[in-house]
Amino acid sequence: MKDLIELSYDAADKVEILAGELHKRVGEETKKLLKSQIDKLGIDESQLKKTLYPDDPETLCTYEYDGKPILGVKIGPNGMSILFDVPELKETQKGEEVHV
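Numbering (this note's numbering), first residue to last: 1432 to 1531.
Hints listed in this document are in silico derivations from the structure and should not be mistaken for laboratory results.
Heads up, the beta-carbon is just placed ideally off N, CA and C, and yes, glycines get one too.
Hints may be right or wrong, so weigh each one.
Claimed, not checked - Here are the simulated EDC-like cross-link-like pairs (lysine to aspartate or glutamate), alpha carbons at most 20 angstroms apart as the crow flies:
#, residue 1, residue 2
1, LYS1480, GLU1460
2, LYS1463, GLU1519
3, LYS1462, ASP1444
4, LYS1466, GLU1476
5, LYS1463, GLU1476
6, LYS1471, GLU1460
7, LYS1499, GLU1519
8, LYS1480, GLU1519
Claimed, not checked - Label pairs and their calculated CB-CB ranges:
#, residue 1, residue 2, range
9, ALA1443, PRO1518, 11 to 21 angstroms
10, VAL1446, LYS1499, 35 to 45 angstroms
11, TYR1484, GLU1519, 21 to 31 angstroms
12, GLY1510, LYS1445, 28 to 38 angstroms
13, ARG1456, LYS1521, 28 to 38 angstroms
14, SER1512, LYS1471, 38 to 48 angstroms
15, GLY1451, ASP1497, 27 to 37 angstroms
16, ASP1497, LYS1463, 19 to 29 angstroms
17, ASP1497, LYS1455, 24 to 34 angstroms
18, ILE1506, ALA1443, 16 to 26 angstroms
19, SER1467, MET1511, 18 to 28 angstroms
20, ASP1470, ALA1442, 41 to 51 angstroms
21, ILE1448, LEU1491, 19 to 29 angstroms
Whole structure, please, built from the sequences with the hints as guidance.
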């Protein structure tokens, strides 16, 4: 019985570790893509609107600038992947209108 309890505990630890690593990688990739979009727009991150969707089973968050989406993060089909919706942006000078 003790072995079964230890095995269950080890499996739970592994799931926790994997979840933590996945969360870290999604965060890193999101930051990288967001930086690319910010650089194209020539803006500061403080000018973005970030929306979280805790009750949506598919959409995790979106980032908007001037009311237009510049990055979306979603869970893929069957919950087995993360999808990044990255609209193509034209490079702009600071203060110009966003073209998506």
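Right, here's what the structure says about each hint:
1. LYS1480 - GLU1460: The given pair, whose Cα atoms are some 18 angstroms apart, holds under the 20 angstroms limit.
2. LYS1463 - GLU1519: Holds - the C-alpha atoms of GLU1519 and LYS1463 are around 15 angstroms apart, at most 20 angstroms.
3. LYS1462 - ASP1444: violated, 27 angstroms
4. LYS1466 - GLU1476: holds, 8 angstroms
5. LYS1463 - GLU1476: Distance ~12 angstroms between LYS1463 and GLU1476 Cα, so the pair holds.
6. LYS1471 - GLU1460: holds, 17 angstroms
7. LYS1499 - GLU1519: holds, 12 angstroms
8. LYS1480 - GLU1519: Within the cut-off at roughly 18 angstroms; holds.
9. ALA1443 - PRO1518: 11 to 21 angstroms: Violated: the Cβ-Cβ distance is about 39 angstroms, outside 11 to 21 angstroms.
10. VAL1446 - LYS1499: 35 to 45 angstroms: holds, 38 angstroms
11. TYR1484 - GLU1519: 21 to 31 angstroms: holds, 23 angstroms
12. GLY1510 - LYS1445: 28 to 38 angstroms: At 18 angstroms between Cβs, range violated.
13. ARG1456 - LYS1521: 28 to 38 angstroms: Because 29 angstroms falls inside the window, the suggested range holds.
14. SER1512 - LYS1471: 38 to 48 angstroms: Given about 25 angstroms between the Cβ atoms, the range is violated.
15. GLY1451 - ASP1497: 27 to 37 angstroms: The hint (27 to 37 angstroms, Cβ to Cβ) holds, given that GLY1451 and ASP1497 are roughly 35 angstroms apart.
16. ASP1497 - LYS1463: 19 to 29 angstroms: At 22 angstroms between Cβs, range holds.
17. ASP1497 - LYS1455: 24 to 34 angstroms: Taking Cβ atoms as reference, ASP1497 and LYS1455 lie about 30 angstroms apart, which means the hint holds.
18. ILE1506 - ALA1443: 16 to 26 angstroms: Because 22 angstroms falls inside the window, the suggested range holds.
19. SER1467 - MET1511: 18 to 28 angstroms: holds, 25 angstroms
20. ASP1470 - ALA1442: 41 to 51 angstroms: holds, 42 angstroms
21. ILE1448 - LEU1491: 19 to 29 angstroms: holds, 21 angstroms
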